[in-house]
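*Asks:* Line order of the protein sequences matches chains A and B. Sequential numbering of the first sequence, starting at 11, is according to this note's numbering. Sequential numbering of the second sequence, starting at -5, is according to this note's numbering.
Wrong hints could be hidden among the right ones.
[Unchecked claim] Here are the simulated BS3-like cross-link-like pairs (lysine-lysine), alpha carbons at most 27 angstroms apart as the crow flies:
no., chain 1, residue 1, chain 2, residue 2
1, B, 132, A, 231
2, B, 132, A, 228
3, B, 111, A, 151
4, B, 16, B, 0
5, B, 185, A, 132
6, A, 228, B, 68
7, A, 58, B, 68
8, B, 73, B, 111
9, B, 227, A, 132
10, A, 151, B, 76
11, A, 151, A, 58
12, B, 68, B, 0
13, B, 111, A, 231
[As the list claims (entries may be wrong)] Some residues of chain B that are not near chain A, with every Cβ distance over 10 angstroms (derived):
no., residue
14, 83
15, 89
16, 105
17, 228
18, 256
19, 257
20, 262
Hints are computed from structural coordinates only; laboratory data are not their basis. C-beta: ideal position from N, C-alpha, C; glycine also.
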Amino acid sequence: MLEELLPNVYWEDIIEATKETLYMTSISVLATFFIGILLGLVLFLTGKGNMWENRVINSIMSAIVNIFRSIPFLILIVLLIPFTKLLVGSMIGENAALPALIIGAAPFYARMVEIGLREIDKGVIEAAKSMGAKTSTIIWKVLLPESMPALISGITVTSIALVGYTAMAGVIGAGGLGNLAYLDGYQRNHNDVTLVATIVILIIVFIIQIIGDVITSKLDKR
Amino acid sequence: MITLTKVSKLFRTGKGSSDTIKAVNNVNVEINKGEIFGIIGYSGAGKSTLIRMLNGLETPTEGSVVVADKEISKIKGAKLRKARQEISMIFQHFNLLWSRTVQENISFPLEIAGVSKNERIKRVNELIKLVGLEGREKAYPSQLSGGQKQRVGIARALANNPKVLLCDEATSALDPQTTDSILELLVDINKRLGLTIVLITHEMHVIRKICHRVAVMENGQVVEQGPVLEVFKNPKEQMTKRFVQQVTEPEETKETMEHLLERYPAGKVIQLTFVGDHAESPLITKLVRNFELDVNIVQGKISQTRSGSYGTLFIHLDGNEDEMLRAIEFIKAQHVGVEVMTHA
Chain A
11 MLEELLPNVY WEDIIEATKE TLYMTSISVL ATFFIGILLG LVLFLTGKGN MWENRVINSI
71 MSAIVNIFRS IPFLILIVLL IPFTKLLVGS MIGENAALPA LIIGAAPFYA RMVEIGLREI
131 DKGVIEAAKS MGAKTSTIIW KVLLPESMPA LISGITVTSI ALVGYTAMAG VIGAGGLGNL
191 AYLDGYQRNH NDVTLVATIV ILIIVFIIQI IGDVITSKLD KR
Chain B
-5 MITLTKVSKL FRTGKGSSDT IKAVNNVNVE INKGEIFGII GYSGAGKSTL IRMLNGLETP
55 TEGSVVVADK EISKIKGAKL RKARQEISMI FQHFNLLWSR TVQENISFPL EIAGVSKNER
115 IKRVNELIKL VGLEGREKAY PSQLSGGQKQ RVGIARALAN NPKVLLCDEA TSALDPQTTD
175 SILELLVDIN KRLGLTIVLI THEMHVIRKI CHRVAVMENG QVVEQGPVLE VFKNPKEQMT
235 KRFVQQVTEP EETKETMEHL LERYPAGKVI QLTFVGDHAE SPLITKLVRN FELDVNIVQG
295 KISQTRSGSY GTLFIHLDGN EDEMLRAIEF IKAQHVGVEV MTHA
């Protein structure tokens, strides 16, 4: 019956495309998580009244983050083609999408990290200082644990955005469900393929949201 | 133990050279080992800035701060961090890590000091007993009451066996009963561990209850300092008088006074001030026995300080004018302060 309803859907293709999407999403989420936290920490620590207060570095970082956050993702991919070719050696396939995905998402996440860090009670940081803590101790034992729920809910939102980005990257040849929906669904007018690809993407998004929510509520002892 | 010499702190408020606020202005204070020293002042008096200079969270613009033989105002980096382990601090809003349990919070300064895991567990258990938090080891701060949170704060502050404990409005966020229990705990650790305690507060009640000596701050300056009972007996500055009134005068004294003077147009309403041992002498009995007067007790209050009691008593005297004057002379001879109340 399923074959009659969805005559053009080849499940092997769907599974293959899903794997590609999951691969691109998970690698880019991981990289975004670490790079974003790093950038967010620098943004926070060089900010006014903080441990590494430095207006020059802070303004430069802030500008870079804002610029990359503002470029529409599709344009960013095109802009990054030479860079991608240099790095991956090709502009086709899942790996070719990764640089653009990470560069597009990390600044976005860095801002969320910065906001999460700013919400930490200043008094707690002061208390750690009064105990004689080094900056590295404050980062590892105060800033990161105390902002962890915000960091997790931020990466959840970013991951969902990244699933969307992988679909866009698919259009210009990165593979995955977006690629399938575009080539098979749109170009060949197979609406059933587009529908199935959409449903699979929705399922991925819901799963990410649920995982994120569960972890956040587990971590939050406030 | 602590010496502040000509300490000043300027804060810039703008770009111009004159856009500054002198938060602390030429303060000289000497605090002895094992002493509980109180600094009282209203918000903005500079007491928060002053106490933060004792552990280097603020650096003075001028002057020197020496704590436990270390010039805190000069040292930096690793040396300052090491020194801070001997000068711990508790806070008005407790400043606990919400992501850590009670025992993990208390363990935090030990982790900073590089104490081994086994040692940490042992020390944390001792501290939990010391502050009376048995059974709450695994609780998170959000599950504790204000008083319990401050107990965690105190245990955390004592973890590395400090020489000095700084209390930044440590009881200001607590209700009166909890305040008293925390103050008792502070007195207890002061006696047991010989710890020097410096506390800042805006409540004279706190000073009266646990401090040996007090400094009164106004506009960045210490306007008066001395042993608590001395300051209570003889407040020189207007600011000090206001703080002393907080604890010695019953509430709404002024209104009551007006009312009394109207109610007893005959005779005199007298305010008696007792300090130290005299606070407990049977003055009223003597008065009634020795003079042909009607004595009527209107209202009164006695406060305990660390080194004696201090009290005020309002009485109404009625009788022969000469007899009343003789009675007042007699009271004065008993080392009791006398003030005849008149309409304000």
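*Asks:* Is the Cβ of residue 228 (chain B) more than 10 angstroms away from each Cβ in chain A?
*Replies:* Holds, because the least Cβ-Cβ distance between residue 228 (chain B) and chain A comes to about 36 angstroms, which exceeds 10 angstroms.
*Asks:* Given the hint that residue 185 (chain B) pairs with residue 132 (chain A), test it: the Cα-Cα distance must not exceed 27 angstroms.
*Replies:* The given pair, whose Cα atoms are some 32 angstroms apart, is violated under the 27 angstroms limit.
*Asks:* Minimum C-beta separation from residue 257 (chain B) to chain A exceeding 10 angstroms: can you confirm that?
*Replies:* Fine: 51 angstroms to the nearest Cβ keeps residue 257 (chain B) off the interface.
*Asks:* Run the distance test for residue 73 (chain B) versus residue 111 (chain B): straight-line Cα separation, threshold 27 angstroms.
*Replies:* With a Cα-Cα distance of about 24 angstroms, the restraint between residue 73 (chain B) and residue 111 (chain B) holds, given a limit of 27 angstroms.
*Asks:* Report holds if the minimum CB distance from residue 83 (chain B) to chain A is greater than 10 angstroms, and violated otherwise.
*Replies:* 4 angstroms, violated
*Asks:* Straight-line Cα separation of residue 58 (chain A) and residue 68 (chain B) no greater than 27 angstroms?
*Replies:* With Cα atoms ~24 angstroms apart, residue 58 (chain A) and residue 68 (chain B) stay inside 27 angstroms; holds.
*Asks:* Under the criterion that the straight-line Cα-Cα distance not exceed 27 angstroms, is the pair residue 16 (chain B), residue 0 (chain B) satisfied?
*Replies:* OK: residue 16 (chain B) and residue 0 (chain B) at ~13 angstroms, within 27 angstroms.
*Asks:* Could you grab the alpha-carbon distance between residue 228 (chain A) and residue 68 (chain B) and see if it respects the 27 angstroms cut-off?
*Replies:* Since the Cα atoms of residue 228 (chain A) and residue 68 (chain B) sit roughly 45 angstroms apart, the hinted pair is violated (cutoff 27 angstroms).
*Asks:* Are the Cα positions of residue 111 (chain B) and residue 151 (chain A) separated by 27 angstroms at most?
*Replies:* 16 angstroms, holds
*Asks:* Has the given pair, residue 68 (chain B) with residue 0 (chain B), been kept, meaning a C-alpha gap of at most 27 angstroms?
*Replies:* Satisfied, since the Cα-Cα distance of roughly 15 angstroms is no more than 27 angstroms.
*Asks:* Keeping to a limit of 27 angstroms between CA atoms, is the pair of residue 132 (chain B) and residue 231 (chain A) held or broken?
*Replies:* 12 angstroms, holds
*Asks:* For a C-alpha distance cap of 27 angstroms, please report whether residue 227 (chain B) and residue 132 (chain A) respect it.
*Replies:* Violated - the C-alpha atoms of residue 132 (chain A) and residue 227 (chain B) are around 40 angstroms apart, more than 27 angstroms.
Checked against the numbered hints listed earlier, the structure breaks hints 5, 6, 9, 14, 15 and 16; every other hint is satisfied.
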